Amino acid sequence: GESVGLHLPTLSVQEGDNSIINCAYSNSASDYFIWYKQESGKGPQFIIDIRSNMDKRQGQRVTVLLNKTVKHLSLQIAATQPGDSAVYFCAEEENQGGKLIFGQGTELSVKP
Amino acid sequence: EAGVAQSPRYKIIEKRQSVAFWCNPISGHATLYWYQQILGQGPKLLIQFQNNGVVDDSQLPKDRFSAERLKGVDSTLKIQPAKLEDSAVYLCASTPVGHNEQFFGPGTRLTVL
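These protein sequences, in sequence, are chains Z and R.
Using the numbering used here, the first residue of the first sequence is number 1, and each one after it goes up by one.
Using the numbering used here, the first residue of the second sequence is number 113, and each one after it goes up by one.
Extracted from the complex, chain Z is given alone in its bound form (with noise of 0.2 Å):
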């Protein structure tokens, strides 16, 4: 199965307002993680992304935080605007060969 899932598969927020998407890995062992950003129609795009030996990574609007006790990821978006609307993915690196292993994702949806 998956290595690495989402909570929730739908986020809706507010314009203006943060958001934070969550994930859950399996492998302790991996060492590289990223989000992506899938619009429709589109392939996904690279947001930020952190090793394991970082817990927090900043980007611009968002940060990435790892949490390797409990195997979390999350990504929190400040300010979110409507272009942000999209399906987020995490993704982890599976033994440092390239070979990369994608969540489930999680849509977010941004009202005006």
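Keep in mind that the hints were calculated from the coordinates and are not lab data.
Model, not experiment: these values are computed from the prediction.
Check each hint, because a few of them may be wrong.
[To be verified] Result set (BS3-like, lysine-lysine): computed pairs, CA atoms no more than 30 Å apart in a straight line:
(1) K71/Z to K123/R
(2) K99/Z to K123/R
(3) K195/R to K156/R
(4) K68/Z to K156/R
(5) K174/R to K42/Z
[Stated by the list, open to error] Taking beta-carbon pairs under 7 Å as the criterion, some of the chain Z residues facing chain R (in silico):
(6) Y32
(7) K42
(8) G43
(9) P44
(10) F46
(11) F89
(12) K99
(13) F102
(14) G103
(15) G105
Heads up, the beta-carbon is just placed ideally off N, CA and C, and yes, glycines get one too.
Following the hints, put chain R in place on chain Z, whose structure we already have.
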């Protein structure tokens, strides 16, 4: 910089027919991936190439799926014969050597009737 190109964007075929998808990765990217994304799920790796060699094809259904990257640049993925459960989006991604970020193309949406 041009992104990963894929064609066709859409394909509808009858079961038991054959189909082929084409991918042109970002120039200079040595590693190329083919993923299958069934509706409502995350992408699943089918095959990974490093230049023209196969790195991982453990999840490729080899009785009906084949892929090649003969010159280490473009790649084709073929399904012969197609089954209903092959209906999915087929994504191609590439990455330069020494990097982890995979750049995805727009995908080919396959519908098998």
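Practice item. Against the earlier hints, flag every one the structure doesn't satisfy and list their numbers going up. Key: As far as the earlier hints go, only 1 is violated by this structure.
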